Every structure is written in C-alpha cells, then in structure tokens.
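Chemist: Could you build the full structure based on these sequences and the hints that come with them?
In the working numbering, the protein residues as written are 1 to 122.
Each hint should be verified, as a subset may be incorrect.
[Stated by the list, open to error] Here are the simulated distance ranges between beta carbons: (1) I111 to N9: 18 to 26 angstroms; (2) P70 to S46: 18 to 26 angstroms; (3) N20 to P91: 33 to 41 angstroms.
Hint data in this document are derived by calculation from the structure and do not stem from the laboratory. Note that this is a predicted model, so its numbers are computed, not measured. Cβ atoms here follow ideal geometry from the backbone N, Cα and C, with glycine treated the same way.
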Amino acid sequence: MSADRIILNGMQFYGFHGVNAEERTLGQPFVVDLEAELDLEPAGASDNLADTVSYTHLYRVVRDVMEGEPYHLLEAAATKIVDSVFIQQPPVAAVRVRVSKPRPPIRGSVIESAAVELYRRR
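Modeler: What follows is the structure, encoded as structure tokens:
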C-alpha cells in the first residue's frame with residue numbers, strides 16, 4: 001500500500017446534524033478534514049488528471065453528506081463520508097476523515113470543538 005494521500009483540510013459546511021432539537025432545527029457549522037490514500041505515482045509521472053482522483057470530486061462527496069440528510073451522530077456522518085468515497089472513487093484504498101463541531105452546545109462548557117475521526121481501509 002502506498003503512503004500517498006490527497007488531503008483536504010478545513011472544509012466548512014452548515015448542516016443540521018445533532019441529537020438536540022435545536023441543532024436539527026437551527027443547524028450549525030461543521031469542519032471536515034479528509035485524507036484519501038491511493039497510489040499517486042502514475043499521476044506524478046503523467047501529469048494527467050485521469051491518473052488520480054480529483055480533489056473536487058472528494059470535496060463534493062463530503063459536501064453532499066454534510067449538507068444533506070441530517071444525522072444524530074458525528075460518527076454516522078463520518079461513516080457515510082467514508083462509504084461514499086469508497087463507492088464513488090474506486091482508486092482510493094483508505095480514507096481518514098475527521099468531522100468537527102465547533103463550540104458544541106454543552107451547557108456550562110467552553111470547548112473549541114468536538115470531533116470524531118475514522119480511518120478505514122478497503
């Protein structure tokens with residue numbers, strides 16, 4: 001397995017994920033980081049987009065999940081992102097995704113963000 005990766009950091013979305021009714025009604029921002037592992041040697045040699053995975057397509061996969069159907073848990077949204085990358089981008093051998101909720105609504109807390117991170121291989 002190659003250690004090559006396409007990395008998208010700090011993608012920002014507005015979604016309606018969460019357990020609390022307010023989160024699902026009012027929505028909130030989310031930040032997603034994604035790493036897709038695949039062999040980038042062919043693209044490096046050819047300089048041809050057909051030999052890699054477009055980071056635009058990866059971004060759209062994440063956007064469709066984060067701005068689409070609401071999930072109660074960050075774990076569920078992250079799982080859907082991984083599953084969608086594997087379905088839509090066959091060259092990707094592994095995915096690491098971190099879904100963060102900035103300033104989660106926890107009474108009496110000061111937390112910069114809460115996040116889940118998944119790493120899955122085909």
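Chemist: So, against the hints stated earlier in the document, which numbers end up violated here?
Modeler: 2
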